[in-house]
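If you want the building blocks of each chain, they are given just below.
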Amino acid sequence: MIHLTIDGKKLEVEEGTTILQAAEKADIHIPTLCFHPLLEPYASCRVCIVEVEHQGKKELLTSCNTLVREGMVVETASERVLRARKLNVEMLLARAPAAEPVKKIAQELGIEKPRFEIKDPQEKCILCGLCVRACEEVVGANAISFINRGQEREVAPPFGEPSEACIGCTACAFFCPTGAITYEDLYGRQVIHEELNLGPATAIRVPIRQAVPMVPFIDEDACIHFKTGNCQLCVKVCEKEAINHDMKEEEIEIEVGSIILASGFKPFDARRIPAYGYGRFPNVITALEFERLVNASGPTGGKILLANGQEPKAVGIIHCVGSRDENYNEYCSRVCCMYSLKFAHLIREKTEADIYDFYIDMRCFGKGYEEFYHRLLHEGTKFIRGRVSEITDIPLTPEEEGKLIIRVEDTLVGTVRRIPVDMVILATGLEPSLDHNEIAHIFNISCSQDTFFLERHPKLAPVSTFSDGIFLAGTCQSPKDIPDTVAQAGAAASEALALADKGTFELEPITAEIDEKLCAGCQICVSLCPFNAITYNKEKHISEVNDALCKGCGTCVSACPSGAAQQKHFRDLQIMAEIEGLFID
Amino acid sequence: MSQQAFEPKLVGFLCNWCSYTGADLAGTARMTYAPNLRIIRVMCSGRVDPQFVLKAFQEGADGVLISGCHPGDCHYQEGNYKALRRHRLLSKMLEQFGIEKERFRLEWVSAAEGAKFQKVCNEFTEQIRKLGPLSWNGGKKNE
Amino acid sequence: MPKLTIEELEKLRERAKKATFLRETTDYRAKITVHMGTCGIAAGAREIMNAFLQELQARDITDVLLTNSGCAGLCSREPMATIEIKGQAPVKYVDLTPEKVKQIFEKHVLGGEIVQDYALGIGSEKTDY
Amino acid sequence: MEEKTTPTRYRLHLMVCAGTACVSNRSFEIKEALEKELKKQGLENEVLVVTTGCNGFCERGPLLVVQPGNIFYQQLTVKDIPYLVEEHFLKGRPVQKLMYTPPEEKKPIPVLNDIDFFKKQVLIALRNRGLIDPEKIEDYIARDGYRALVKALTQMTPEEIIEEIKKSGLRGRGGAGFPTGLKWEFVRLASPANGGLKYLVCNGDEGDPGAFMDRSILEADPHSVIEGMVIGAKAIGAQQGYVYIRNEYPLALKRLTLALEQAREYGLLGKDILGTGFDFDIKVARGAGAFVCGEETALLASIEGRLGEPRPRPPYPAQRGLYGQPTCINNVETWANVPVIINRGAEWFSKIGTKTSKGTKVFSLVGKINNTGLVEVPMGITLREIIFEIGGGIPGGKEFKAVQTGGPSGGCIPKEKLDLPIDYESLTEAGSMMGSGGMVVMDEDTCMVDVAKYFLSFTQDESCGKCTPCREGTKAMLDILERITKGEGTEEDLQLLEDLAVSIKETALCGLGKTAPNPVLTTLRYFRDEYLTHIRDKKCPAHVCRDLNVYTIDEKICLEVGHGCDVCRRNCASEAIIGEKNQPHRIIQEKCIKCGVCYDVCKFGAVKVD
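Those protein sequence lines, which keep their order, are chains A, B, C and D. Counting from 1, position 43 in the first sequence corresponds to residue 43 in this note's numbering; the numbering is continuous, with no gaps. Counting from 1, position 133 in the second sequence corresponds to residue 133 in this note's numbering; the numbering is continuous, with no gaps. Counting from 1, position 89 in the third sequence corresponds to residue 89 in this note's numbering; the numbering is continuous, with no gaps. Counting from 1, position 569 in the fourth sequence corresponds to residue 569 in this note's numbering; the numbering is continuous, with no gaps.
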């Protein structure tokens, strides 16, 4: 432990502490510009200077990099310090009059106007090097550096050309204290974060605000560490030491008695319907994007705004996007009608906009649903029955100028209508999740025609599958809304629980058996059995079936040359008799 | 019996998990298909012993269909592959017996493919109808 | 050149010193001056100079300074050379030939004994060389 | 090794100076001419021509020293050679007209040691100057070269070497004067990180305007630096060394590279040096000529291939230097001193110099002085001795005004301090510094404000720009000086200038910035009046600051002496002079651009400047 005095306060700090850190502990503020706690001290701005008396010598030292020493007496605002600090800040102010942090410190020090020549009143860069150091120390990309000397010094990539080394991480802009670096300036490498973009903002995030569990994760594709092997700032700042980049995905084998599949759905990709212009028109958004937009924790704080930040005057909601359509999915996605109605209600609540609801049929089948529909009819939402053929921004009349025009055949009126709106919400349907087929393969279950998982029986075994012990819940089985999903999940859980509770498992009685007397011990059956249910008994020179392992496919039976193997309930004789029976006319 | 009046007798060995369910689906979906196919349910297409096919032809079948799960989808992992191998070999053998290989067919029909089952069934019936009756006694002594 | 050991370095130093002693040594035991005015050269002073040089080289002598000067004023007796042994008076030799040089070198320069036969005269002053 | 026969015996060695200054005065042509002429006269086996490093008396180049006898020929031209060869080398008649005659004297001085310039010098770092061919290792070995190395490697422990250097009192010759032995001890005691190596660096980045000590040593005696470095490496336990040298010193670079090759070939560098099992090698790192790279941390960054800018110290290079490892960095001259100390002992060395500063220091003497060149003098010598005895005083009988020591980082010392004995402390006391040894002499025609401006414009230009005070402050000071020299300065400016200077000195990051205000501070201290004259009277007493000059024509002289010769009018580019032939002329001040041409062309002294 080292003892020192800062501004008269006696302190005891650990060896290796800088004066700046020590002062912070004592609640003494020392202004800094080029210092950042996550980066090595650079000591270039010379604003954090303090007067240090040690062993009878008094000198001005930068507090950001000077380590404390026993018996040091530090003054952070002596006359000498203030005089020098003031001059340095004044010079920086002349260099970068638009840099807010400099202005702030200048104000604190009572500098009104620099006495030195101002070259560029808009200049923000104070050459503190935080960006350069971030790029080197944190990112490890070394894409930018200082070029030139002295007055000509500036931050630039090599030769002033767009740098191949730049990974577009924007760490430089993040560290820049004055806003001198902006994303756009980075030679077009930076994707500007779109207002409505649901994409990643940072490499560490929770997937969505309502995520369960509410735990952040590291996006390997966005994380600097996984690109350059450097950074790991998160590790430095995490006091709980909860971050470990070396953690890898690992496979854990868990033995279970039954499995419930609830692999969910993916929303229909609205880009597949080019006529609706999703991706081309910024104000054509999908249901999920709208859901994000109205969310109070969303990008606009829950305000319904167009891409240009204004409130829409008219909104169209198009039902059955990708559903009930021979070209995409024939089935009804079941949830879109109701959520569309909810959207219409929310828009009514939050804006003054006219709302148009384009539907084929209103499917309000659940409890209270129809009543909600009626409420909306009363609220004044305009329901237009007909499939929208096109969304365009080419106006035909002055009213359509600057609007999105929805072309639709109003089947109730029997005419083609053009309805100008500001925002279009596409009620995209549900599709099986991306890895749906893979899952089906792993669990050896079938898919029905609509490509969702097939239940064992629509009425008798709606949550079971053809694989014993594997149950289905939710939208992996078919599109359904939350109440239905909850109900099915409950059922699936009970089925699984029933198995567990019973403690025993009923096997199919249809297993193979081998007649000891007939078996010649050829072992053909042994190699055929996919379940390793047949073993060869060396003592008896025969093959034997393990009933618990045998699933009863009968492959061994049909291959047995001696007829020793038989399948219960499907004996050769039985099938032969069946065949014979077929031909008794 | 005139050609037009010829109604082929077809035997179908359908696996319990896919094709039999598919046939069931066709039925529950009220799809009509040729009534000529007589179905024998087996647990797996791999259970189909060549003897059964020969027996069927012997008993008077004009065509035999084996239908199982799509490759990779077998409830028993690989029974349908075994059926596939047997079908290839047996087809060759049947040709040697003078039975057109068209009369012995293997099809993959999943539980979701009611429509496919319908199609297969109708096609097969028409095909055999064109081929005409088999009248093969399979080495059985003339009665 | 292979790498040196310490002994080889010292040997090399000895040789190098011999090649460069002229640049540094100020303390000579003897000084030979060959008079090389136009008259001397015409009479063959170059040969005399070479003869002295060869003697020095052959005997590897580093404490004798060989130099030249202009005409000594006695053109008829050229080639001439003056030999000064430290602490002794200079001796002028005249009508030199390479053979005489050899004798003078051996007897006078090395032996300290003046070759009276060839000497013109002996100076009275003593040299500090 | 094969024994060679005795080396050819020559009668004369002609030492032709081939330092950069003499080379640029065509000394290589002189050498060729000599060889050609000697051959013509048949003297090629009697007379040997040797090229040496810088002799020091650069003012008088190209130089030739004839050995034995130390006969000094100067300012030779190719035309002189046939005569010189015939007269001196053939006929033995030294040529007086090619010898050095001190100004205001008639009689030439034939022998080098008798010349004032050389008389007072004490050669340690430059001990081999003019005596060896820098491209021949044998010449160096003959001069006891590598004898100290043998001693250090075989008879001394590293601790003993360090103790010897400490006892000698040798201090860094690069400027700050840190005790060399102490630095070595720090590096010896520091342990490398991650099992790495310790490094040893020779700082040959000489950037001061008008200074060329390092260049000269590397050109004249590269082996002395190499030997010093190997001894240092043994002392601190380094295995790899670097010589950082400016690429704009091609001759030094060439000779150093050659010397390194020779040393390696002879087993004096590399693995198992002289069979003692000690490994050490030296690489050459070339710098691009940034002044700031002479600062040690910037230099190390530059070797590593990074931006040459200083970083805050501590940690000092002795703890964390090159590639993060303990690094010993010393100046060229310091290294060149090391072999001598080992050879002759610390006691001998410490007898030379003052109480705090031991040994000698090489200065490059330039500016308004008769004998410009390189001198090595013992510490404690006075400025007067250097300037007036060695340097031969001020040319043209002008008055001495000040001497600027320590390059752009140093300060100007006025004539009141001429009797100052030179050492590290006294120079610092006087507001200047030892620096690497630049010494610029200024006469009465020098404007001190202009001098300060000149040095500041240099440091301002060379500032790396890393820290605020140096980057912005030097520029701000320069702006003020510009204003003052244009007659636009105010007394507030002077106050701001002083505040800035103090603040920069106190808060700049590295040595460059900390010392950059020195020229201003010292001129303010000793020549404040001159600043005030510029500000208050709008006059430059030395008439250097052009904007402050007022040219007038003394009509009386113009008419009576010059008879209105009209030359000034014809030469005036801005047509500011009116008058006709045989009539007095006059300058229209509004039109005058103060170029001074009229002043220069008037043969009658009628044009006055004020």
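Please keep in mind that the hints were generated in silico from the structure rather than gathered at the bench. This structure is a prediction, so every number in the text was calculated from the model and none was measured. Careful: at least some of the hints might be erroneous.
Pairs of lysine-lysine residues, derived as DSS-like cross-links and limited to a Cα-Cα distance of at most 27 Å, are as follows [to be verified]:
no.	chain 1	residue 1	chain 2	residue 2
1	B	119	A	459
2	C	17	D	136
3	C	18	D	486
4	A	119	D	271
5	C	18	C	102
6	D	505	A	104
7	C	18	D	505
8	D	271	C	3
9	D	505	A	119
10	A	119	D	514
11	A	57	D	486
Cβ-Cβ distance ranges computed for the label pairs, FRET-style [unchecked claim]:
no.	chain 1	residue 1	chain 2	residue 2	range
12	A	486	B	95	37 to 47 Å
13	B	51	A	450	47 to 57 Å
14	D	525	A	59	34 to 44 Å
Computed far set for chain D versus chain A, every beta-carbon distance over 12 Å [as the list claims (entries may be wrong)]:
no.	residue
15	445
16	464
17	472
18	547
19	584
All C-beta atoms, glycine included, are put in the ideal place defined by N, C-alpha and C.
Structure-based check of each hint:
1. Between residue 119/B and residue 459/A the alpha-carbon distance is near 26 Å, which keeps this suggested pair within the 27 Å criterion.
2. Of the pairs offered as hints, the one joining residue 17/C and residue 136/D holds, with about 13 Å between alpha carbons and a cut-off of 27 Å not exceeded.
3. This hinted pair does not check out: residue 18/C and residue 486/D have alpha carbons roughly 64 Å apart, beyond 27 Å.
4. Restraint check for residue 119/A and residue 271/D: the C-alpha separation of about 57 Å exceeds 27 Å, so the hint is violated.
5. Between the alpha carbons of residue 18/C and residue 102/C the distance comes to roughly 22 Å, so the proposed pair stays at or under 27 Å and holds.
6. Simply put, residue 505/D and residue 104/A have alpha-carbon atoms about 26 Å apart, close enough for the 27 Å limit, and the pair holds.
7. A hinted pair counts as satisfied when its Cα atoms are at most 27 Å apart, and residue 18/C with residue 505/D does not qualify at roughly 55 Å.
8. Taking the CA atoms of residue 271/D and residue 3/C, the gap is about 10 Å. The hint holds against a cut of 27 Å.
9. At most 27 Å may separate the alpha-carbon atoms for a hinted pair to count; residue 505/D and residue 119/A meet this at roughly 25 Å.
10. Our distance criterion of 27 Å between C-alpha atoms is met by residue 119/A and residue 514/D, whose separation comes to about 25 Å.
11. Using a Cα cut-off of 27 Å, the hinted pair residue 57/A and residue 486/D is violated, with the two alpha carbons roughly 41 Å apart.
12. Taking the beta carbon of each, residue 486/A and residue 95/B are about 58 Å apart, not inside 37 to 47 Å as hinted.
13. Our hint of 47 to 57 Å for residue 51/B and residue 450/A is violated, since their Cβ atoms are close to 39 Å apart.
14. Here the CB-CB span from residue 525/D to residue 59/A is close to 21 Å, at odds with the stated 34 to 44 Å.
15. With a least CB separation of 30 Å from chain A, residue 445/D remains clear of the 12 Å interface cut-off, as annotated.
16. Chain A draws residue 464/D into its interface by the beta-carbon criterion, the shortest separation being 6 Å against a cut-off of 12 Å.
17. Chain A draws residue 472/D into its interface by the beta-carbon criterion, the shortest separation being 4 Å against a cut-off of 12 Å.
18. Against chain A, the non-interface label of residue 547/D holds: every CB pair exceeds 12 Å, the least being about 19 Å.
19. The non-interface label for residue 584/D is consistent with chain A: the shortest C-beta to C-beta separation is roughly 45 Å, beyond 12 Å.
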